[in-house]
Each structure stands twice: as structure tokens, then as C-alpha cells.
Amino acid sequence: MKILVCISHVPDTTSKINFTDNDTKFDTNGVQFVINPNDEFGLTRAMWFKEKQGATVHVVNIGGPETEPTLRKALAIGADEAIRVNMTATDGFSVAKQLANVVKEGGYDLVIGGRESIDYNGGMVPGMLAKLTGTNFVNTCIGLEIEGDKATAIREIDGGKETLKTSLPLVIGGQKGLVEESDLRIPNMRGIMQARTKPLNIKEPIASTGETNTVAFQKPAPKGAVKLVNSVDELVALLHNEAKVI
Amino acid sequence: MSVLVYTESEDGKIKKIALEAVSYAKGIADQMGTSVTAVAINSGDTSELGKYGASKILQVTDDKLNKFNAEGYADVIAQAAKNEDTKVVVVTSSANSKFLAPALAVNLEAGYVPNVVALPESTSPFKVKSNVFTNKAFATTEIKTDRKIIGLGKNSFGLKENQTTATSEAFSPNLDAHDFDMEIVSVDKATDKVTIADAEIVVSGGRGLKGPENWGMIEDLANVLGAATACSKPVSDMGWRPHSEHVGQTGKPVAANLYIAIGISGAIQHLAGINASKVKVVINNDPEAPFFKAADYGIVGDAFEIVPKLTEKLKEFKAQNA
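Chains as they are written, first to last, in my numbering: chain A, 298 to 543; chain B, 25 to 346.
Calculated from the structure, these hints are not laboratory results. Keep in mind that this is a model prediction, so the values were computed, not measured. Glycine residues also receive a C-beta, built at the ideal position from the N, C-alpha and C atoms. Treat the hints loosely; a few may be bogus.
Said to hold, decoys possible - Taking beta-carbon pairs under 7 angstroms as the criterion, some of the chain A residues facing chain B (in silico):
(1) Y417
(2) L429
(3) G456
(4) N538
Claimed, not checked - Calculated lysine-lysine pairs in the DSSO-like style (CA-CA distance at most 27 angstroms, straight line):
(5) A:K458 to B:K39
(6) A:K520 to B:K302
(7) B:K217 to A:K541
(8) A:K447 to B:K213
Please work from the sequences and hints to get the whole structure.
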């Protein structure tokens with residue numbers, strides 16, 4: 298089984314979000330970048346497929362050279378090979394088109410993406426990739442088992458979950474549940490040393506245009522101070538009369 | 025040329041978020057000088073759609089579509105969009121809409137912006153504002169394609185009545201076998217509980233509750249408010265509550281009218297996930313808890329004393345205001 302894990306290079310979850318160039322660009326100054334959390338759950342699930350079912354695991358990112366430390370981290374966790382498509386991502390659709398090309402050339406049985414990236418929250422790349430490659434797709438995937446070319450996936454739905462039977466090739470949009478938080482791996486020294494010599498192939502992008510273009514960013518208006526109250530009577534009165542939510 | 029809106033239903037009943045989507049579609053239609061067409065799949069009674077501004081309802085009735093399947097549903101909506109020569113399609117932010125929208129975008133070669141929070145700033149060029157960085161910022165995005173797909177963020181537009189005379193017509197899309205490649209084996213869904221996605225009020229508990237045995241008071245409070253229950257990440261990681269209740273950056277997003285956080289300190293990842301909620305109440309015994317900075321109302325004190333009192337007070341209040 299050949300697996301491709303799509304890795305988004307995103308600001309650490311605790312980052313302060315600021316913008317530069319007249320609020321048109323994300324300010325990366327002082328920001329620590331990490332593997333997108335939803336992708337990291339998928340990468341860990343892929344490592345289990347590698348260890349228990351002999352799968353090969355490749356990771357891919359669409360981005361500039363600045364994303365390579367994130368790919369090296371994925372290699373240190375245990376992926377066999379990394380691919381970087383040398384392009385600054387503009388929107389989800391353009392990323393999906395580049396990934397579709399990587400998937401077609403690589404002949405992957407399973408492509409694992411994340412439910413969404415925690416920066417732009419588009420949640421569209423895995424679904425678009427599946428449609429572009431004519432592949433089965435399960436979004437918000439919280440469980441996946443594969444036997445031969447048959448797959449059983451569990452999808453989180455609003456208020457519950459759904460079990461689906463499908464077949465490879467398959468694309469999933471994964472999230473926590475594929476593995477647990479405690480299953481995530483911190484690269485050890487041996488992994489980090491090995492990652493230095495593992496292949497990180499740079500591919501030039503295919504010609505494509507984005508369908509959307511973010512023209513400006515804005516931070517939410519600062520919040521007023523909290524109103525501290527001393528009794529539940531006061532709280533209920535405020536929620537009813539002032540906030541009008543009950 | 026009409027604005028097309030996919031009106032989701034569940035068990036043959038149109039969902040409230042679908043009515044919000046119709047209200048929003050009507051807003052865009054007014055900006056563009058056109059009307060709203062709704063596409064409803066096995067929806068039963070659709071008479072409510074006219075109340076929020078739909079002029080035409082495409083009724084799709086097909087037993088094969090009784091269970092949601094993203095590929096098939098996206099195919100239906102795409103065919104409806106082409107039939108109506110639609111330039112703008114509106115979907116919601118439900119799990120099902122987010123599942124089908126990317127396939128729909130590829131099918132229609134349409135630019136797609138999810139988590140949209142307001143009517144377009146302009147329709148030519150087409151610019152919309154959406155939530156990004158998990159509620160830490162907004163982006164204004166231009167959609168450059170001829171067809172556009174808008175994923176409306178939950179609870180960001182609200183219901184707006186706009187009584188319109190709606191005509192209904194049957195719509196029979198061509199479904200092919202590929203639309204049903206995936207077999208749904210089972211659906212496991214609590215039918216007696218309010219879901220976080222649909223809830224107007226969410227009551228959420230954190231580590232301050234000390235253990236899963238203390239969740240009774242969270243459930244009591246949620247019951248009196250008709251609210252969904254939720255929890256912080258450490259609580260679900262420790263297995264006190266199921267993952268499906270975890271709200272925050274890597275859990276479920278919450279965009280409720282009222283979010284009540286009990287014994288949750290307010291880590292930045294948690295705040296990001298719930299920040300789209302309109303009114304936030306914090307009950308915590310630590311006055312330094314970061315959540316107080318993000319909240320609208322707060323009580324500093326012992327949750328074990330305050331929560332049962334609050335439940336009692338709300339029962340009285342509900343009885344008086346019933």
C-alpha cells in the first residue's frame with residue numbers, strides 16, 4: 298500500500314495572528330510553524346499502516362523552501378520520502394490541482410489530508426483532490442481500517458458518526474480520532490538523524506490559476522471588558538435583559 | 025441566473041441552518057437583482073422556504089437519496105445550478121455541506137469560500153468576508169470564477185423573514201452509479217440530544233470539574249436551557265467525555281448564541297474554537313483564568329456551588345416566562 302500524507306505548514310496553535318503590507322499578508326515574524334494538527338493525526342495513522350501492514354509513506358507540501366523544516370519533521374516521525382511542490386499556495390483549489398498531479402504521477406492507494414488547516418480553515422483540499430482524481434472520499438474521518446483494497450471508514454457527522462464501506466484508491470480528510478492525542482509522536486534523535494538523508498524531492502508546479510484571491514485581512518474588534526457578577530440571579534437577569542439570549 | 029441555495033433537511037424536515045442560508049441567499053439575490061431558487065432533497069414540507077425569500081423550490085424526490093451521500097448530493101446540486109444557469113450557490117457549514125462543497129466546486133469550476141460571515145462587500149468584483157485563523161481574523165476574498173460557491177458560517181447572518189410567493193417544481197437529476205460508490209453501513213446518532221452543530225446554547229465543562237462523575241450538573245444545566253453539552257480538550261483526552269464533545273481548534277467549532285464555560289481556563293486553542301459564539305459566560309474559581317478576558321459575563325467562584333444554583337434559578341425563570 299502506497300500512502301501520501303498531505304502536510305500543511307501552519308502557525309503553531311498558540312501563535313498571535315498579525316498582518317503586514319497593509320493587512321494583505323500574514324505576518325510570519327516570530328511565528329513558529331508546525332505540521333497542521335489535523336494532518337499530524339493522519340500522519341500518525343499512516344505510520345501504523347507502515348508498521349502493521351507494510352505501507353510506504355510519502356508526505357507532500359505545496360509551498361516554498363520555508364516549509365522544508367516541517368517536511369523534515371514528518372520524515373523524522375517516520376515518513377519514507379517527502380515531496381515539495383515549489384509554489385506559494387494561493388487558494389485551496391490551486392493546491393488541490395497540484396496535489397492531483399502528484400497523486401496521478403505517484404499512483405497512491407490512499408491519500409490522507411486533514412479536515413482543515415488551522416490557518417485558512419478552508420477544509421476543501423481533500424474533497425477537491427478526490428473529485429479531480431475521481432477517487433472515493435471520506436471527510437471528517439475519525440477511524441480507518443484497510444484490508445486488501447477494501448476500506449471501512451468512520452465519519453463524524455453532526456451529532457454522531459457514520460460507518461462507510463468503500464474501496465481504494467481513497468482520499469480522506471482526517472482529524473483527531475484517527476489516532477488519539479497520546480498516540481502522536483515526538484521525533485527522537487535517531488529519527489531526526491535519519492530524516493536528514495531521506496529524499497526530499499522538489500517538484501516544479503504545473504500551470505494553474507487560483508479561483509479565489511484573498512485581498513485583505515482584518516482582526517476582530519477588541520472585546521469589551523468582562524462583566525463580573527456576584528450572583529446567579531444577576532447573571533440570569535443580564536442574560537435575559539441585556540444579552541437577550543435566554 | 026437566480027441564486028441557488030441548498031436547503032438541508034433531516035428526517036424530512038428542513039433544518040434551521042437551511043432557513044438561515046435562504047435568508048442570506050435572498051440578501052445576495054437583492055444585491056444582484058435576481059431571485060432565490062432552493063434545491064430541496066427528499067425534504068417533505070418546504071412551505072417555510074418562501075417565508076425567508078425563496079421564489080422557486082426544486083423538489084428532488086428519490087429513494088436512492090434517502091441517506092446523505094456527498095457525491096450524489098453534490099451531483100444533484102451541480103445539475104440544478106447548471107439548469108438554472110446559477111452564478112452563486114449558497115451552502116451551509118454543516119458537516120454534510122462541508123463534505124459536498126469541494127466536489128461541487130470542482131464540478132462547477134467554481135471558486136469556493138467557506139465560513140462566510142456577511143453579505144458580499146461587492147458582487148462585481150465578487151468579494152466576501154469569512155472567518156480565518158480559527159476565528160482569530162477575517163479575510164476578504166475575491167472569487168474570480170464565473171460561478172461562485174459560498175459556505176455560510178453558522179449563526180453569522182441569522183434568520184430574516186422575507187415573505188415571498190414560492191412555486192414548487194419537481195426536479196429529476198440524472199444520477200449515475202458512481203454517485204453511490206460508497207456504502208453507508210450504519211449511522212450512530214443520539215436522537216434525544218441537542219447536537220453542538222445545531223445548538224443555540226452550549227454548556228461546556230473543563231478540568232475544573234475534577235472528574236466525569238461530576239457531569240450530572242452540566243447535563244442538568246444543559247437540559248433546562250435546551251442546550252448541547254461540550255467539553256475542553258484535556259477532558260476528552262482523559263476520556264472523561266467522548267471526543268464528539270471536544271470543542272476548540274482541533275475539536276468542533278462552536279458558533280452558538282450563548283456559550284457557558286464551566287471550569288475551563290481558556291487556552292488560546294479553546295478560545296479560537298468557540299470565539300464565533302455571540303455571548304460567552306465563564307464560571308471559574310480562578311480570577312486569573314485567561315477565559316475571563318474573552319468572556320462577556322463571569323462569575324468567580326466554585327462551580328460546584330454556582331452551577332446547581334444557576335440551574336435552579338433558570339428553572340424558576342423558565343417557569344415564569346413560559
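Going down the list of hints, with the structure as the test:
1. For Y417 (chain A), the shortest C-beta to C-beta distance to chain B is roughly 5 angstroms, which falls under 7 angstroms, so the interface hint holds.
2. Taking 7 angstroms as the C-beta contact cut-off toward chain B, the hint placing L429 (chain A) at the interface holds, the least distance being around 6 angstroms.
3. The interface hint given for G456 (chain A) holds, since its Cβ lies 3 angstroms from the closest Cβ of chain B, which is under the 7 angstroms cut-off.
4. With a cut of 7 angstroms, the hint placing N538 (chain A) at the interface with chain B is violated, because the nearest CB-to-CB distance is about 11 angstroms.
5. For the given pair, K458 (chain A) sits about 19 angstroms from K39 (chain B) by alpha-carbon distance, which is consistent with the 27 angstroms threshold.
6. Note on K520 (chain A) and K302 (chain B): the hinted pairing holds, with a Cα-Cα distance of about 12 angstroms set against a maximum of 27 angstroms.
7. Taken as a hint, the K217 (chain B) and K541 (chain A) pair is honoured in the structure, with Cα atoms around 24 angstroms apart against an allowance of 27 angstroms.
8. As the CA atoms of K447 (chain A) and K213 (chain B) are separated by approximately 25 angstroms, the hinted pair is consistent with the 27 angstroms bound.
Going down the numbered hints, you'll see the structure goes against just number 4.
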